[in-house]
Amino acid sequence: MALGVLDGVKERLAGKVQEASVSHGVLVLELAPPEVLATIQRLKSEFLFDLFLDVTAVDWLGQSPRFEVVYHFYSTAHRVRLRLKTRVPEEDPTVDSLVPLYGSARYMERECHDMYGIVFRGNPDLRPILLYEGFAGHPLRKDYPKRAEQPLVRYRDSPGGRS
Amino acid sequence: MAGKTIPIHSASAFEYLTTKKDELVGWARKFSLFPYPFVTACCAMEFMAVSSTPYDTDRFGAALPRFSPRQSDLLMVVGTLTHKQAPILRKVYEQMCEPKWVMAFGACATSGGFYQNYAAVAGIDKVIPVDIYVPGCPPRPETVIDGIMKLQDLIARSKHPLLTADF
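Top to bottom, those sequences are chains Z and C. Going by numbering that gives the first Met the number 0, the first sequence opens with residue 0, and the numbers climb by one from there. Going by numbering that gives the first Met the number 0, the second sequence opens with residue 0, and the numbers climb by one from there.
Rather than coming from a laboratory, the hints here were simulated on the basis of the structure. Some hints here could point you the wrong way.
[What the hints assert, rightly or not] Think about it this way: if two alpha-carbon atoms lie no more than 27 Å apart in a straight line, the pair counts; the simulated DSSO-like pairs of lysine-lysine are:
1. 19/C with 158/C
2. 145/Z with 20/C
3. 83/C with 141/Z
4. 149/C with 20/C
5. 99/C with 145/Z
6. 9/Z with 43/Z
7. 149/C with 19/C
8. 99/C with 19/C
9. 15/Z with 84/Z
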């Protein structure tokens, strides 16, 4: 039943997507960044993927394009899951925002912007959500130094006990 | 009603005792610790365990958590301190009245624990002074009680000036 729905989605989206496969019962679509918004619009209206689960990114340092933005959706009508991936380059890591389609995208896109520096065109509020104002860089990028600290308060001169 | 009444001011009752001021004040202070739990992470579970019946910090006079730093004199930092939390911890510490003591509860508060990343402060003593460090991830209740008792010893041994430079 579930896989039948996914096969239908796969057939009807053929041509739009670069690659489509079913992995562990999840339909995985890979497509170019300009296709993302229109495809998700169709997924929502035609195939009833009404629940936006998450957006995150993968930093393939050394590859080009460097970043892979990964979306997850769930259809409460068909009870199936779908993963959608798109690659964006380091110089311009921009994809369209999903805020017009899913209100919950606001916060998830802010987090992804914090951690990976992906820019979501159309999200009205990309202020830091988990990080703080003034934080330089994006800590989950593979080239962010592991030991780097950006403290908000001045450290005491002599850490240790009461002195 | 017939019976023998004992006069309060009899010659046999204590009318005065002699001691040192620092010992008296230290004795009073060490048994009236009002903790402020600054709880940020999973060590909170162990804090609940040590506060409640089977272990019971009330036996050490450290039972009543005050949720205002102005009314407390023991700041228990329970859990990981993040850079985003550090200004809040500094402010809470500064709001506490003297005399005040700080306990670093658990590995993260002591040294950052296993965190070494963009988010965590490697030990609260980079931000505020600490009197007693309780190791463990999380510490056993016995460890915390041992820490409280060591802190009490420290308080009992300390000088307790009645007049300070600020007053």
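Comparing the hints with the structure gives:
1. 19/C with 158/C: Given pair residue 19/C, residue 158/C holds - Cα atoms ~11 Å apart, limit 27 Å.
2. 145/Z with 20/C: violated, 52 Å
3. 83/C with 141/Z: holds, 22 Å
4. 149/C with 20/C: holds, 21 Å
5. 99/C with 145/Z: Roughly 35 Å between the alpha carbons, so the hint for residue 99/C and residue 145/Z is violated.
6. 9/Z with 43/Z: With Cα atoms ~14 Å apart, residue 9/Z and residue 43/Z stay inside 27 Å; holds.
7. 149/C with 19/C: Holds, at about 21 Å.
8. 99/C with 19/C: holds, 21 Å
9. 15/Z with 84/Z: holds, 13 Å
Hints 2 and 5 from the list above are not met by this structure, while the remaining hints are.
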